[in-house]
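Novice: These are the residues of each chain, in order.
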Amino acid sequence: MKKIYLDYAATTPVDKDVLKEMLPYFSEKFGNAMSIHSFGQEALQAVDSAREKIANFFGASPAEIIFTSGATESNNIAIKGVLKSYYSQFPTNYELSTHVRITKNKKPHIITTAFEHHCILDSCKAVEREGLAEVSYIKPGKDGVIKISDIKKAIKSNTVLISIMYVNNEIGTVAPIEKIGKLIKKTNALKKEKDFKIIFHTDATQAVNYFDCTVEKLGVDLLSMSAHKIYGPKGVGMLYVKKGTAIKKIQDGGDQEYKMRAGTHNVPGIVGFGKAIEKIQDTKTKKQNNSVLKLRDHLIEKVLREIPDATLNGSRVKRSPNNANFSFKDVEGEGLLLSLDMEGVACSTGSACSSGALSPSHVLLSIGLKAEQAHGSLRLTIGKYTTKQEINIAIKKLKVIIERLRKISGSVLEEYYDKKYL
Amino acid sequence: MQYSKKVLEHFTRPHNQGSIKNASGVGMVGNPVCGDLMKIYIKVKNDKKAGEIIKDIKFETLGCASAIATSSMVTDLALGKTIEQALKITRDDVADALEGLPPIKMHCSNLADEALHEAIKNYQKNKK
Numbered sequence: 354m355k356k357i358y359l360d361y362a363a364t365t366p367v368d369k370d371v372l373k374e375m376l377p378y379f380s381e382k383f384g385n386a387m388s389i390h391s392f393g394q395e396a397l398q399a400v401d402s403a404r405e406k407i408a409n410f411f412g413a414s415p416a417e418i419i420f421t422s423g424a425t426e427s428n429n430i431a432i433k434g435v436l437k438s439y440y441s442q443f444p445t446n447y448e449l450s451t452h453v454r455i456t457k458n459k460k461p462h463i464i465t466t467a468f469e470h471h472c473i474l475d476s477c478k479a480v481e482r483e484g485l486a487e488v489s490y491i492k493p494g495k496d497g498v499i500k501i502s503d504i505k506k507a508i509k510s511n512t513v514l515i516s517i518m519y520v521n522n523e524i525g526t527v528a529p530i531e532k533i534g535k536l537i538k539k540t541n542a543l544k545k546e547k548d549f550k551i552i553f554h555t556d557a558t559q560a561v562n563y564f565d566c567t568v569e570k571l572g573v574d575l576l577s578m579s580a581h582k583i584y585g586p587k588g589v590g591m592l593y594v595k596k597g598t599a600i601k602k603i604q605d606g607g608d609q610e611y612k613m614r615a616g617t618h619n620v621p622g623i624v625g626f627g628k629a630i631e632k633i634q635d636t637k638t639k640k641q642n643n644s645v646l647k648l649r650d651h652l653i654e655k656v657l658r659e660i661p662d663a664t665l666n667g668s669r670v671k672r673s674p675n676n677a678n679f680s681f682k683d684v685e686g687e688g689l690l691l692s693l694d695m696e697g698v699a700c701s702t703g704s705a706c707s708s709g710a711l712s713p714s715h716v717l718l719s720i721g722l723k724a725e726q727a728h729g730s731l732r733l734t735i736g737k738y739t740t741k742q743e744i745n746i747a748i749k750k751l752k753v754i755i756e757r758l759r760k761i762s763g764s765v766l767e768e769y770y771d772k773k774y775l
Numbered sequence: 008m009q010y011s012k013k014v015l016e017h018f019t020r021p022h023n024q025g026s027i028k029n030a031s032g033v034g035m036v037g038n039p040v041c042g043d044l045m046k047i048y049i050k051v052k053n054d055k056k057a058g059e060i061i062k063d064i065k066f067e068t069l070g071c072a073s074a075i076a077t078s079s080m081v082t083d084l085a086l087g088k089t090i091e092q093a094l095k096i097t098r099d100d101v102a103d104a105l106e107g108l109p110p111i112k113m114h115c116s117n118l119a120d121e122a123l124h125e126a127i128k129n130y131q132k133n134k135k
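Keeping their order, the protein sequence lines are chains A and B. Per the working numbering: the first sequence ends with 775, consecutive numbering throughout. Per the working numbering: the second sequence ends with 135, consecutive numbering throughout.
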């Protein structure tokens, strides 16, 4: 049985050209990019060349690209590093006995969304817990899109950071980053010189493959991403830091990455990252993205047409070309996922049962789904290697599995709500 | 998450799945927030020697693989047993018979014993 991979939003296979570029940097060109000798210089050259390619892709300068271990680390630096910088400018005394910060200045305020990736949400919750900041979590609309007016309303005089994800990782919906960027620029223009300006961060991890990520155009100060979502290797990513942004490192050690991120460079990873970016930048990409979009539309239409009681989660239009996310009535996602896996089809679900969490996907709940709809969700994400035939086979199997699971569940859900069973 | 072979067997080919018309007792537990809903139907016959015997048992479950597997297993364990014996079946018995469940599933999806006990209670109430 040939396996079918429909989980490209989780991770992508490393492109063969990317792997080829990386291989010499394991055993032959193994130098530490911080060493002065020829081995080190060889590695440094490779790192610099990758940095240039990546900077070029984002329309940034190389000194604005900070390599990290991935988007999770980048997002942690964005949240915690900005606060660190804020407190270095506006010092406070931390009262150890009461765990209260004593400050003449107001506690800094962060705006983010309720459906960010957990690395942003948990970082925000951590700084809230430590008393370092207050955080507003903006709810997306039912279509999974963040409204600019909601952000505008949330901005306060002590707002220091706005962090909004570009493309949602579960439902693929797209935020109006460019418009938010303009709003923040306008707000900052009204501030006094000594005031702490609002910093704009976006987690663009799911966007880089398909959307314009020119930082100037987006108006962002910080942008996170991960190489393994763009056919590059795992364990490497970057944080774009616009020159002059008030942010401090959160990890101490060596002087790597313009003293912004200590730790020996992941040279093969960075080299692969550079090649992966180069590949999505070449002229073929546009055509490829179009074919991904066509396939995805075929997938959505076929599922909605052929499987009864199926709904698409998130906006049909304002969504990433590679993402489909459905809820199936009277079906639970983990069983669905497991059954599909037994049939060789790999995808993902927002059901709590699949992750070991207690509640279902916070993303699906944030757009107003009932718990059982979130439990009954299935995310299918495609990529450049997906074929129409694979999609057709997957849907054929999906239909049979859903029929089977619905037979098992009978009408318990309806009865539960009717309380007829008593 | 690793499921035992037995769990996967019962998940893919559950035993005693379906419903019973004119059941002697019906029990339903769980809630949609947790994601698991289980309903068990029993048919009880009075045997002169042995007493009240579960002659037939069926289940319907909306839930994850372990919810379906535990439902299936509890029906196997209860079939042919007396009411007293069936009331003694615990969630640990169900988990053991399935060669274990992942720790996280021990509580949230291992409700089948409760559904069985509810069905028995319902039967006893109907009897009066």
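It is worth saying that the hints were derived from the structure and are not from the lab. Watch out, some of these pointers could steer you wrong.
Said to hold, decoys possible - Straight-line Cα separation of at most 30 Å, DSSO-like style, residue types lysine-lysine; simulated pairs: (1) K12/B to K55/B; (2) K760/A to K128/B; (3) K55/B to K772/A; (4) K492/A to K570/A; (5) K760/A to K12/B; (6) K570/A to K544/A.
Novice: Take the hints in turn and mark each one as holding or not.
Specialist: Okay, the hints, checked on the actual structure:
1. Taking the CA atoms of K12/B and K55/B, the gap is near 39 Å; set against the 30 Å cutoff, the hint is violated.
2. Using a Cα cut-off of 30 Å, the hinted pair K760/A and K128/B holds, with the two alpha carbons roughly 26 Å apart.
3. Annotation: proposed proximity of K55/B to K772/A is violated, straight-line Cα distance about 35 Å (limit 30 Å).
4. Between K492/A and K570/A, the direct Cα distance comes to roughly 25 Å. Compliance with the 30 Å bound is thereby established for this hinted pair.
5. At roughly 22 Å between alpha-carbon atoms, K760/A and K12/B fall within 30 Å of each other, so this suggested pair holds.
6. Distance restraint check for K570/A and K544/A: the Cα-Cα separation of roughly 22 Å lies within the 30 Å cut-off, and the hinted pair is therefore satisfied.
The structure fails to meet hints 1 and 3 from the earlier list, while all remaining hints are met.
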